[in-house]
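Q: If you want the building blocks of each chain, they are given just below.
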Amino acid sequence: MDKFEEAFNKIIEKDRKVEPRDWMPEKYRQTNIRQISQHAHSEIIGMQPEGNWLLRAPSLRSKQVLLAKIQDEAGHGLYLYSVAETLGISRQEMIAQLQSGEAKYSSIFNYPTVSWADIGAVGWLVDGAAIVNQVSLQRTSYGPYSRAMVRICKEESFHQRQGYEIMCSMAFGTAEQKEMAQDALNRFWEPALMMFGPHDSDSVHKGQSMEWKIKRESNDHLRQRFIDRTVPQAQYLGLTIPDDQLKFNEETQHWETGPFNWDEFWNVVKGNGPCNQERIDHHIAAHKDNEWVREAAAAYAAKTELEVA
Amino acid sequence: MKITINKEEAKFLVRIADTSLILGQRMAEMCSKGPYLEEDIAMSNASLDLFGRAEEMYKIISKIEGNQFSEDDYVFHRNEREYYNIKLVEQPNVDFAWTMVRQYFYDVYAKEVYTQLLQFENSEVKGLAEKVLKEIKYSHSKSKNWLYRLGLGTEESNNRLQIAVDHLLKYVSELFNWDDLDKKYFINCDQIETQWNTEIDSVFEEINIKRKEVPPLSMRDCRDGFHSEHMGHLLSIMQYLPRAYPDAKW
Ligand SMILES: [Fe+2]
Ligand SMILES: [Fe+2]
Numbered sequence: 001m002d003k004f005e006e007a008f009n010k011i012i013e014k015d016r017k018v019e020p021r022d023w024m025p026e027k028y029r030q031t032n033i034r035q036i037s038q039h040a041h042s043e044i045i046g047m048q049p050e051g052n053w054l055l056r057a058p059s060l061r062s063k064q065v066l067l068a069k070i071q072d073e074a075g076h077g078l079y080l081y082s083v084a085e086t087l088g089i090s091r092q093e094m095i096a097q098l099q100s101g102e103a104k105y106s107s108i109f110n111y112p113t114v115s116w117a118d119i120g121a122v123g124w125l126v127d128g129a130a131i132v133n134q135v136s137l138q139r140t141s142y143g144p145y146s147r148a149m150v151r152i153c154k155e156e157s158f159h160q161r162q163g164y165e166i167m168c169s170m171a172f173g174t175a176e177q178k179e180m181a182q183d184a185l186n187r188f189w190e191p192a193l194m195m196f197g198p199h200d201s202d203s204v205h206k207g208q209s210m211e212w213k214i215k216r217e218s219n220d221h222l223r224q225r226f227i228d229r230t231v232p233q234a235q236y237l238g239l240t241i242p243d244d245q246l247k248f249n250e251e252t253q254h255w256e257t258g259p260f261n262w263d264e265f266w267n268v269v270k271g272n273g274p275c276n277q278e279r280i281d282h283h284i285a286a287h288k289d290n291e292w293v294r295e296a297a298a299a300y301a302a303k304t305e306l307e308v309a
Numbered sequence: 001m002k003i004t005i006n007k008e009e010a011k012f013l014v015r016i017a018d019t020s021l022i023l024g025q026r027m028a029e030m031c032s033k034g035p036y037l038e039e040d041i042a043m044s045n046a047s048l049d050l051f052g053r054a055e056e057m058y059k060i061i062s063k064i065e066g067n068q069f070s071e072d073d074y075v076f077h078r079n080e081r082e083y084y085n086i087k088l089v090e091q092p093n094v095d096f097a098w099t100m101v102r103q104y105f106y107d108v109y110a111k112e113v114y115t116q117l118l119q120f121e122n123s124e125v126k127g128l129a130e131k132v133l134k135e136i137k138y139s140h141s142k143s144k145n146w147l148y149r150l151g152l153g154t155e156e157s158n159n160r161l162q163i164a165v166d167h168l169l170k171y172v173s174e175l176f177n178w179d180d181l182d183k184k185y186f187i188n189c190d191q192i193e194t195q196w197n198t199e200i201d202s203v204f205e206e207i208n209i210k211r212k213e214v215p216p217l218s219m220r221d222c223r224d225g226f227h228s229e230h231m232g233h234l235l236s237i238m239q240y241l242p243r244a245y246p247d248a249k250w
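Residue numbers (the numbering used here), protein chains in the order written: chain A, 1 to 309; chain B, 1 to 250.
Derived from the structure by calculation, the hints contain no laboratory data.
Heads up, none of these hints are tricks.
Derived lysine-lysine pairs resembling BS3-like cross-links, with alpha carbons at most 27 Å apart: (1) B:170 x B:183; (2) B:249 x A:178; (3) A:303 x B:137; (4) A:303 x B:144; (5) B:142 x A:288; (6) B:210 x B:111.
These numbers were taken from a predicted model, which means no experiment stands behind them.
Make a model of the complete structure from these sequences and hints.
A: This is how it looks when you write it as structure tokens:
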């Protein structure tokens with residue numbers, strides 16, 4: 001072991017942060033790039049299912065709340081891309097990887113939002129699950145990523161609260177509204193739980209990531225925290241969690257769920273979800289349609305620089 | 001629900017509120033469709049400002065009208081013919097040039113409109129105008145900057161900009177078809193037109209864009225609630241939920 005590696009190991013061991021200027025194993029760098037860029041892509045692709053209801057938001061207030069939320073997600077994406085850039089990859093490269101399918105994003109965004117209640121469910125469950133994960137990542141070993149999580153979590157908890165607020169007005173509203181709320185929960189419950197990834201017994205990347213303290217808590221551990229937090233919230237709404245095996249274990253003080261449909265999960269990850277193609281097509285179309293704008297901006301910048309010089 | 005607006009002051013102000021709202025809705029369409037992430041965020045910002053200023057103005061209108069209707073009633077329960085926004089702002093986002101020309105034309109116009117509202121008798125309108133002017137100053141410098149980039153960037157961007165300008169100019173003369181209400185509440189209608197023409201002409205000259213002659217148009221006026229065909233589609237999307245579920249509270 002050379003002295004660089006020794007210094008790196010010491011940082012990890014002492015629970016300090018790895019900074020961009022520090023030496024790090026190539027695999028550590030690559031793992032972080034993969035995880036951070038995947039996180040950034042999720043923020044960006046996540047704008048689409050929510051944007052789907054932006055023009056149809058039912059009040060001036062909800063329109064502004066939703067638009068501000070989507071804008072926050074764009075900001076998170078931007079911020080995370082710049083965090084990944086500190087590891088030696090450009091935003092352009094990352095976007096090319098997203099568009100070619102080489103890079104993944106959270107599979108949850110491959111599900112459609114088909115009613116206004118879905119906007120509530122996404123804020124409540126998807127942002128809710130994201131918070132549990134991201135709070136844990138505040139202690140991740142790569143400094144810039146850890147600091148990004150601290151900043152982002154504050155906004156995510158707003159998003160979750162606002163989503164839950166929509167669920168409240170739907171669940172306590174007219175019979176039709178309540179029906180929409182239940183339907184949204186039915187469709188988003190299991191996909192939200194699967195956002196935490198495969199069970200610990202089946203997780204591939206787990207070992208090394210935990211050793212390097214990139215990941216601080218296991219998938220199942222985080223998922224359980226989310227379930228315990230969310231079940232009472234559903235009960236308060238008077239909605240039924242779509243799991244007839246769900247029960248509270250008095251001994252462990254945890255909620256226990258039935259088995260998940262992992263076949264569907266892997267099928268959606270593989271690209272066969274309801275909206276995988278649409279999400280990427282949308283991203284590519286926006287990128288291509290505006291190529292001339294980026295060219296113009298670059299040409300103008302070059303010309304004006306020349307004049308100044 | 002039949003929405004009525006009775007007071008002259010409210011009738012005048014609703015034109016301004018509607019213009020903000022409809023442009024905000026059009027700008028919101030650009031969410032996740034920008035040329036890059038920074039611009040996406042900027043367009044959401046512009047849209048948020050526009051919705052915010054519409055909301056404040058509807059609140060003032062509601063007060064003037066004796067709180068008969070809420071700001072959401074005005075937004076979600078009026079038909080096309082009961083909307084009074086300028087047609088310019090309901091024009092679609094054909095490409096980024098349309099979006100920016102529409103925004104720039106509006107910003108130049110709105111800058112003078114809100115400057116005159118600083119002298120408005122109603123102090124709430126005055127207060128709002130003060131706040132809005134800060135937003136417009138920023139938005140105006142941004143949209144103007146884009147006109148320079150597109151006008152002087154590449155041949156393609158200049159062409160696209162010229163096409164957008166040619167189309168959107170058609171909806172400009174309406175801005176200055178002042179009626180009695182305008183003359184009553186604006187301090188100087190002609191100045192709005194002169195300012196607009198002066199700035200546009202000088203900028204166009206610098207960015208190699210021609211201002212074509214627009215012949216007299218046989219088009220009914222927004223002040224009487226007339227719109228282009230785009231408006232109905234915009235409203236049917238925007239108003240869908242409250243119309244489909246009239247008993248629901250959101
Ligand atoms: Fe986010
Ligand atoms: Fe969020």
